[in-house]
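Listed in order, the protein sequences are those of chains A and B.
Take the first sequence: its letter number 281 is residue 314 in the numbering used here, and every next letter is one higher.
Take the second sequence: its letter number 357 is residue 390 in the numbering used here, and every next letter is one higher.
The set of hints was computed from the structure by calculation and includes no laboratory data.
Treat the numbers as computed from the prediction; the structure is a model and nothing was measured.
C-beta atoms are modelled at their ideal positions from N, C-alpha and C, and glycine is treated no differently.
Heads up, some of the hints might be wrong.
[Unchecked claim] Stretch by stretch, here's where chain A covers chain B in the computed footprint (C-beta under 8 angstroms, at least three residues): (1) 45–58; (2) 62–68; (3) 230–239; (4) 262–268.
[What the hints assert, rightly or not] To spell it out: a stretch of chain A is covered by chain B in this simulated footprint if at least three of its residues, at any positions, have a beta carbon under 8 angstroms from a beta carbon of chain B; those stretches are: (5) 91–105; (6) 223–235; (7) 260–268.
2 protein chains.
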Amino acid sequence: MPYFDAASAAPLHAVARQALLASLDEGWADPARLYREGRRARLLLDAAREAAAEAVGCRPDELSFTPSGTRAVHLGVAGALAGRRRSGRHLIVSAVEHSSVLHSAEAHEAAGGTVTRVAVDRTGRVDPSAYTAALRPDTALACLQSANHEVGTEQPVAEVAGACRAAGVPLLVDAAQSLGWGPVEGDWSLLTASAHKWGGPSGVGLLVVRKGVRFAPQGPVDERESGRSAGFENIPAIVAAAASLRAVRAEAAEEARRLRELTERIRARVPALVPDVEVVGDPERRLPGIVTFSCLYVDGETLLHELDRAGFSVSSGSSCTSSTLTPSHVLRAMGVLSEGNVRVSLPPGTPAEDVERFLGVLPEAVAAVREKLGAPAAGPAAAVREDDVLVVDAVGRRCPIPVIELAKAIGEVPVGSTVRVLADDEAARLDIPAWCEMRGQEYAGEEPADRGRAYLVRRLS
Amino acid sequence: MPYFDAASAAPLHAVARQALLASLDEGWADPARLYREGRRARLLLDAAREAAAEAVGCRPDELSFTPSGTRAVHLGVAGALAGRRRSGRHLIVSAVEHSSVLHSAEAHEAAGGTVTRVAVDRTGRVDPSAYTAALRPDTALACLQSANHEVGTEQPVAEVAGACRAAGVPLLVDAAQSLGWGPVEGDWSLLTASAHKWGGPSGVGLLVVRKGVRFAPQGPVDERESGRSAGFENIPAIVAAAASLRAVRAEAAEEARRLRELTERIRARVPALVPDVEVVGDPERRLPGIVTFSCLYVDGETLLHELDRAGFSVSSGSSCTSSTLTPSHVLRAMGVLSEGNVRVSLPPGTPAEDVERFLGVLPEAVAAVREKLGAPAAGPAAAVREDDVLVVDAVGRRCPIPVIELAKAIGEVPVGSTVRVLADDEAARLDIPAWCEMRGQEYAGEEPADRGRAYLVRRLS
Chain A
34 MPYFDAASAA PLHAVARQAL LASLDEGWAD PARLYREGRR ARLLLDAARE
84 AAAEAVGCRP DELSFTPSGT RAVHLGVAGA LAGRRRSGRH LIVSAVEHSS
134 VLHSAEAHEA AGGTVTRVAV DRTGRVDPSA YTAALRPDTA LACLQSANHE
184 VGTEQPVAEV AGACRAAGVP LLVDAAQSLG WGPVEGDWSL LTASAHKWGG
234 PSGVGLLVVR KGVRFAPQGP VDERESGRSA GFENIPAIVA AAASLRAVRA
284 EAAEEARRLR ELTERIRARV PALVPDVEVV GDPERRLPGI VTFSCLYVDG
334 ETLLHELDRA GFSVSSGSSC TSSTLTPSHV LRAMGVLSEG NVRVSLPPGT
384 PAEDVERFLG VLPEAVAAVR EKLGAPAAGP AAAVREDDVL VVDAVGRRCP
434 IPVIELAKAI GEVPVGSTVR VLADDEAARL DIPAWCEMRG QEYAGEEPAD
484 RGRAYLVRRL S
Chain B
34 MPYFDAASAA PLHAVARQAL LASLDEGWAD PARLYREGRR ARLLLDAARE
84 AAAEAVGCRP DELSFTPSGT RAVHLGVAGA LAGRRRSGRH LIVSAVEHSS
134 VLHSAEAHEA AGGTVTRVAV DRTGRVDPSA YTAALRPDTA LACLQSANHE
184 VGTEQPVAEV AGACRAAGVP LLVDAAQSLG WGPVEGDWSL LTASAHKWGG
234 PSGVGLLVVR KGVRFAPQGP VDERESGRSA GFENIPAIVA AAASLRAVRA
284 EAAEEARRLR ELTERIRARV PALVPDVEVV GDPERRLPGI VTFSCLYVDG
334 ETLLHELDRA GFSVSSGSSC TSSTLTPSHV LRAMGVLSEG NVRVSLPPGT
384 PAEDVERFLG VLPEAVAAVR EKLGAPAAGP AAAVREDDVL VVDAVGRRCP
434 IPVIELAKAI GEVPVGSTVR VLADDEAARL DIPAWCEMRG QEYAGEEPAD
484 RGRAYLVRRL S
């Protein structure tokens with residue numbers, strides 16, 4: 034049963050499992066204690082720190098273990114902002130950072146700080162000069178992911194790090210998705226990562242703070258991990274995390290080549306196999322194992338269920354799979370279609386046959402969802418002609434129904450005429466313009482309506 | 034090689050190990066995902082939450098898993114204070130809480146809040162009426178441990194909880210040391226605990242917030258664990274923690290009886306076997322496995338090394354073992370001797386023979402340390418007679434030297450005369466009065482001196 038969601042969590046690497054088992058008996062005691070069990074735990078912790086630091090490319094005393102990648106980000110952002118409070122309270126993030134970074138930014142705003150969110154292009158990449166232009170005299174910290182977790186696009190970290198260094202601003206790199214593949218290039222100041230993304234166990238993150246970076250840990254004092262991450266260290270998990278980082282690095286070059294070829298197959302063949310699909314993310318500057326595409330007229334959650342029934346575990350940035358009913362902030366920032374979104378992220382070792390089987394079942398899975406949604410049982414939306422405008426009332430209908438009804442209606446008006454779609458699903462704001470771009474129709478903007486919003490589309494062809 | 038420091042961290046319980054191994058393959062995926070690996074992880078997490086809630090005596094939706102007991106305390110105190118911000122900013126703690134509670138209180142003070150630290154008696158117990166008297170109209174939160182981690186004394190939690198409830202103030206109980214032995218009695222509002230204290234793995238704490246308690250999680254938003262503890266859940270460790278809590282509870286009544294008998298042996302026999310020893314903590318209302326005593330004229334760190342060489346792993350609250358060079362805040366609050374302090378905390382299953390062997394090696398270990406410290410190589414402190422006062426200059430000498438020199442000097446002055454000890458070791462402030470109490474001499478107070486502090490002792494006998 035192929036698991037294609039390594040970007041969420043990778044299964045435990047065999048080396049991590051061995052290291053975890055071996056250190057359960059040796060690493061449970063308090064490493065701050067003077068007796069032999071404590072000394073043994075300390076030795077394991079020190080060795081794991083050295084191994085992790087070597088893989089990151091930093092000094093061991095610059096690296097603290099945290100209970101998760103999310104905690105590493107929260108601690109790193111808060112500590113760096115507080116350490117540079119005298120310089121100012123301005124924070125820069127990209128619009129496509131992981132939610133842990135964006136939520137840290139929101140907390141900073143709520144506490145009176147200011148935040149600039151740097152836009153990305155349609156591939157999800159920030160423009161280094163646009164990022165650099167956001168630097169201000171009062172900028173305390175800048176954050177940029179090494180690569181995006183939803184679409185795999187790599188960010189120009191080294192260039193941005195250089196510009197930040199020149200401006201005297203520390204750059205925090207969230208390397209959660211890339212650290213298993215290799216060290217982060219460039220002259221960054223802080224780095225965060227998460228072990229369960231590289232086959233380590235849950236419960237271990239990394240926070241690296243380069244010597245010389247002003248850093249003031251927030252929250253109650255605690256002596257563990259250089260005062261940067263409170264609470265008893267989870268040494269068996271830390272040992273396993275460090276061991277599996279070394280292991281995946283040893284296999285990284287070969288595995289990257291292999292997975293890149295497999296994701297390239299998906300990128301190339303999905304648009305041919307499935308009509309009305311948009312493959313998103315940078316086709317070249319991307320992580321080896323991630324490929325993301327969106328399917329018009331498809332409800333992402335239903336498609337995930339179809340694929341799960343067919344034996345494939347994938348993820349989605351579609352609004353319909355999220356409890357908040359808002360589409361992925363990443364897809365929104367990229368301005369690409371979010372409906373029917375599927376992220377395939379292959380764990381190392383994925384056999385080519387599994388990818389071929391996936392490509393085999395995908396067209397039918399998408400067709401099945403489209404048939405369900407287009408079936409008369411779902412009931413057509415009311416389309417009423419008012420003057421020369423065709424009004425499609427999709428208020429109260431969730432994605433992808435508004436776009437499906439738009440697609441049906443556009444054929445009923447002459448070229449040059451307008452279709453007015455009334456909708457209150459948040460995803461419509463993203464998906465109707467994306468549909469227009471895919472279909473070569475003109476998106477003429479949105480306006481308030483008595484019920485929901487009105488989205489205007491002029492038929493061009 | 035007997036390990037007698039279960040109050041720091043207990044070795045992994047056999048049941049915890051089994052549960053951990055079993056769930057490594059089932060519990061690594063993201064429990065928020067819809068595919069089968071995610072659903073399996075969610076089932077494990079839900080079952081562990083139900084089991085832990087049953088052991089605590091709360092509803093599953095009141096219980097969040099955190100990465101450690103320390104984090105549970107930090108999150109619980111901050112969230113409860115913020116949730117009751119409108120009621121006021123006054124916090125009550127006992128003087129003998131775990132450092133995670135006291136450091137949370139310091140952080141609250143630094144942020145402009147006020148804190149009352151309720152004193153304890155010489156057994157380490159708070160007086161319920163004194164605690165209750167600290168309640169004020171602006172009290173937002175009160176914190177009381179179920180039992181003390183250094184001396185094992187049980188606190189009157191149920192009485193204090195009742196008084197807090199009557200005053201409309203939530204009580205947070207740090208149950209880290211007691212939860213393995215049984216649920217916390219009384220009408221408390223919040224509870225925290227730490228799995229590695231009951232034989233669970235590192236990396237798991239509990240935070241329980243009763244329905245109806247105002248609680249506002251602090252820090253960046255995160256959807257995990259009801260928004261109360263950020264970061265990816267460590268499900269295999271959580272499963273193991275819940276399993277071992279059930280397992281130790283099943284053995285608790287029998288094991289408590291057995292360990293209590295063993296610690297009673299230590300309490301009774303150490304003072305007979307070793308001269309100049311003070312056994313501290315409540316003799317009756319105490320945890321089954323903890324016994325703590327202090328040895329006059331002994332350096333705690335050196336004694337720990339002696340005992341470690343003899344094969345016994347114990348802990349100490351003496352200043353000399355701590356990197357900060359201040360004696361245990363618990364012993365200080367109790368007003369008991371801190372020098373040569375030894376905490377024995379027996380893990381479940383400790384055989385009686387190990388305790389007998391410990392009692393066999395202890396007298397020689399203490400004697401060896403005393404011989405080292407009293408040897409001429411250490412050099413006598415300068416004792417100069419000024420008028421009718423004998424001045425002992427122990428400035429620059431670390432504990433227990435000031436007390437050793439005091440003990441030597443007291444014999445050189447007539448009854449009624451005074452010895453003036455100059456010292457700059459923080460422990461002297463605690464240990465000189467404690468020595469006077471043990472020896473029936475009069476402690477006449479301290480005063481500033483040109484170098485360090487001067488401690489005045491009048492010979493009574």
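Going down the list of hints, with the structure as the test:
no., hint, verdict
1, 45–58, "holds (count 6)"
2, 62–68, "holds (count 5)"
3, 230–239, "holds (count 4)"
4, 262–268, "holds (count 6)"
5, 91–105, "holds (count 5)"
6, 223–235, "holds (count 4)"
7, 260–268, "holds (count 6)"
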